[in-house]
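The residues making up each chain are set out below.
There are 2 protein chains.
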Amino acid sequence: MQRSVFRVAFLAFLASAAPKIWAQAPGGSKPASSNVRNAEYPLVSPDGRVTFRVRAPTAQKVEILPLIGLRANGLGKGAYEMTRDSEGFWSVTTPPAVPGLHYYSLVIDGVSVADPSSETFYGANHEMSAIEIPEPGVDFYLPKDVPHGQLRIFWYLSKVTGEWRRVFVYTPPGYDIHPRQRYPVLYLQHGGGENETGWPKQGHVNFILDNLIAAGKASPMIVAMGSGYAVRAGEAPSPVVPASPGRPSQEVSEAVEEVTVKELIPAVDAGFRTIADRSHRAMAGLSMGSVQTLSIGLHHLDTFSALGVLSRPPVEDFNPGTAYGGVMADAASFNKRLHLFWWSAGTAEEGIDTSVKATTAAFDKAGIHYTFVEYPGLSHEWQTWRKSLYDFAPRLFQW
Amino acid sequence: MQRSVFRVAFLAFLASAAPKIWAQAPGGSKPASSNVRNAEYPLVSPDGRVTFRVRAPTAQKVEILPLIGLRANGLGKGAYEMTRDSEGFWSVTTPPAVPGLHYYSLVIDGVSVADPSSETFYGANHEMSAIEIPEPGVDFYLPKDVPHGQLRIFWYLSKVTGEWRRVFVYTPPGYDIHPRQRYPVLYLQHGGGENETGWPKQGHVNFILDNLIAAGKASPMIVAMGSGYAVRAGEAPSPVVPASPGRPSQEVSEAVEEVTVKELIPAVDAGFRTIADRSHRAMAGLSMGSVQTLSIGLHHLDTFSALGVLSRPPVEDFNPGTAYGGVMADAASFNKRLHLFWWSAGTAEEGIDTSVKATTAAFDKAGIHYTFVEYPGLSHEWQTWRKSLYDFAPRLFQW
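Residue numbers (the working numbering), protein chains in the order written: chain E, 1 to 399; chain B, 400 to 798.
Some hints could be false.
Stated by the list, open to error - In the DSS-like style, the derived pairs of lysine-lysine whose C-alpha atoms are separated by at most 25 Å in a straight line are: (1) Lys30(E) / Lys558(B); (2) Lys159(E) / Lys543(B); (3) Lys61(E) / Lys558(B); (4) Lys543(B) / Lys262(E); (5) Lys558(B) / Lys144(E); (6) Lys201(E) / Lys600(B); (7) Lys144(E) / Lys77(E); (8) Lys159(E) / Lys558(B); (9) Lys429(B) / Lys144(E).
What the hints assert, rightly or not - One side of the interface only, derived from the structure: several residues of chain B facing chain E at Cβ under 7 Å: (10) Ala458; (11) Pro515; (12) Thr519; (13) His525; (14) Gln549; (15) Phe553; (16) Trp554; (17) Trp563; (18) Val566; (19) His577; (20) Gly720.
It should be emphasised that the hints constitute simulated quantities derived from the structure, not laboratory data. Please read all numbers here as calculations on a predicted model, not as lab measurements. Note that beta-carbon positions come from the ideal geometry of N, C-alpha and C, so glycine has one too.
Isolated chain E, as found in the complex (with noise of 0.2 Å):
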């Protein structure tokens, strides 16, 4: 009889739930880390699945859009249109998404735009949403109870571009209280369509760095990160051309070399505790942040002694024999002047990581002394980066 009595409100529990039952979320969801402060969505569940929900009573169509294209994504590649609820709330969940930071649009009546829910991060020349998808077991970026260094906002004004220029530097921990400390500088370059807050806040630099340095896996490093456009002063900005298979390098504009070499290093070298020579300063960067690395670490050798090549895009015929106004033409005397050329790529990105390997196979046979590293399953996304980060900078400035 209980039973019975139960099994009847169970079942009129379901009947008002079932018109909803589409939109629940999958048990053990939780509201996504890149939510804005009590959003209740996006959540994510145990597994990885995301349930979006926005409230468009008078909306015809809604949908999710994962940010597509070179920068394939680990929530998935085509759009997932969202279910209208009777209060006009729409909804849908996804599949499994990848581990890591997944941009997003929402696309209400065909109109993309950052979901209000979420976050915002700067990419694809825009502040868009974005959705953290824990990774089970590793927590590497995350923040934990070591010493913690200092994310700092640093501004110069440059000659070259005529406008005040902002650059995120961290500081290791301690660096206030060992006045007298200098330290190394790793210059640490976006991707297209990002700007400068890319690393500190999609990619946790200052939290990869603590746990590397409280770990004694990396030496205490400074770590400038600048802006990877420059237009010179006077001159109109031009159209946005993110970083693509056909025109990598196109990115790499003289004034961005000039505001780098000429002004960002010695304003960093003015206003931090840095110890200026080529040994003790490296310069790495994702996606068109090492295109730049490429371009402008090998051409200024003296400068840089360690360059830190994430998903490049690819290139054809890459030929270490003339590339780069043939620096590394003697592979010998080339190797000698890096300390470290380290590569790397996550095998879900497209072409990237084939073309990468196109370039190490020919490093391989000119001779070229180089590290590479591949993340399986992972895309062009922060994910491959922060690992990337995590892999790299313990190699830095140990020789």
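Dock chain B against chain E, hints included.
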């Protein structure tokens, strides 16, 4: 003849341009400084009219909605309906806006979202668009070629909330160069719906202090900007309750008070070279933050010796004899305990200006010393608070 040819060509131009003339921005309009890089729109005209534009070929209705309510908005109070052209671009030009930064939403078929062309600013509990209207001849909050301090992002682990809390800390120019110098500290609180990014991002706190210090108008000081929200570890977050006329005090949870006094201040004193006594410690805040400043400050006069109360939400029947546990009941004694009791409001702040004046009238009657500065025509917005900081900071730590 020449003239006639010119005239025909000109009329032909007008004719071809005619369908778009409504969408033309006023002459001399320029992209707003609040736009993301390379975004052409919104445009601001020399007299402050704003032309918004967005592509939405399949939307039924597109509007621009200034953030209104308690936050009377210098952009206007009603929604601006946008007009569609044949290519699916929607646009509208507003009447002249008040100088300053005005939050707004793009409304697409009834859904309020951030304008993808705008940088985003955390307000009303999510990342919003905002439009910056320059104030002719006023540049105290813009970067100038003077020595710059740094904005630092600092984290501390709170036992009260069980979370890592983020603090923005301004350190004055020379902080790193003079490693034995210690500095007074201003704790600066954001408003309801905003967060710890408000003062650095919307408020330009670093440029205001840089300029004041360079002009010799303010003492070099540290400014610490933490979150005005706190939920005890294990407790559910309370629903978002923005400060409002009827319940301004609800926002001062015991958790916020405990975090501020027992955790934030010790963390800043440990992490920075502060002068850790009440004479060199001040607190100020805007709107919800002013309520926190009054409540926390007046209950901890052993900790703070100066308070800044910016745009305090209206309160009824304020009685200095009984308010805040009767701390002001003995005016002569109270006056000796505070070096500075500084209040401000804009004349266009609905209800606020009147209520603050009623409070200061009660102070006059009770013999409580205070300073009150009023900003003609300014509303519950950042221009009021930028000006308040510019006027308040020079008074600090001059005793």
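Here's how the hints hold up against the structure:
Our distance criterion of 25 Å between C-alpha atoms is met by Lys30(E) and Lys558(B), whose separation comes to about 22 Å. At roughly 14 Å between alpha-carbon atoms, Lys159(E) and Lys543(B) fall within 25 Å of each other, so this suggested pair holds. Of the supplied pair hints, the one linking Lys61(E) and Lys558(B) is violated, its CA atoms being roughly 45 Å apart against a limit of 25 Å. With a C-alpha separation of about 21 Å, the suggested pairing of Lys543(B) with Lys262(E) holds against the 25 Å cut-off.
Proximity of Lys558(B) to Lys144(E) is assessed by CA-CA distance (about 14 Å); at most 25 Å being required, the pair is judged to hold. Straight-line distance between C-alpha atoms of Lys201(E) and Lys600(B) comes to about 15 Å, which keeps the hinted pair within the 25 Å bound. Restraint check: the Cα-Cα separation between Lys144(E) and Lys77(E) comes to about 33 Å, which exceeds 25 Å; the hinted pair is violated. Straight-line distance between C-alpha atoms of Lys159(E) and Lys558(B) comes to about 47 Å, which puts the hinted pair past the 25 Å bound.
Taking the CA atoms of Lys429(B) and Lys144(E), the gap is about 45 Å. The hint is violated against a cut of 25 Å. Interface hint at Ala458(B): satisfied, since its Cβ lies 5 Å from the closest Cβ of chain E, which is below the 7 Å cut-off. The interface hint given for Pro515(B) holds, since its Cβ lies 5 Å from the closest Cβ of chain E, which is under the 7 Å cut-off. Taken as an interface hint, Thr519(B) checks out: its beta carbon lies about 4 Å from the nearest beta carbon of chain E, inside 7 Å.
Satisfaction of the interface hint for His525(B) is found here, the shortest Cβ-Cβ separation to chain E being roughly 5 Å, below the 7 Å cut-off. The interface hint given for Gln549(B) holds, since its Cβ lies 5 Å from the closest Cβ of chain E, which is under the 7 Å cut-off. Hint on Phe553(B) holds. Least Cβ distance to chain E is approximately 6 Å, under the 7 Å limit. Checking Trp554(B) against chain E: minimum C-beta separation of about 5 Å stays under 7 Å; hint holds.
A hinted interface residue such as Trp563(B) counts as satisfied when its beta carbon comes closer than 7 Å to some beta carbon of chain E; here the least separation is about 4 Å, so the hint holds. Because the closest C-beta pair between Val566(B) and chain E is about 10 Å apart, greater than 7 Å, the hint is violated. With 7 Å as the threshold, the beta carbon of His577(B) stays out of range of chain E, its nearest partner Cβ sitting at about 9 Å, so the hint is violated. With a cut of 7 Å, the hint placing Gly720(B) at the interface with chain E is violated, because the nearest CB-to-CB distance is about 38 Å.
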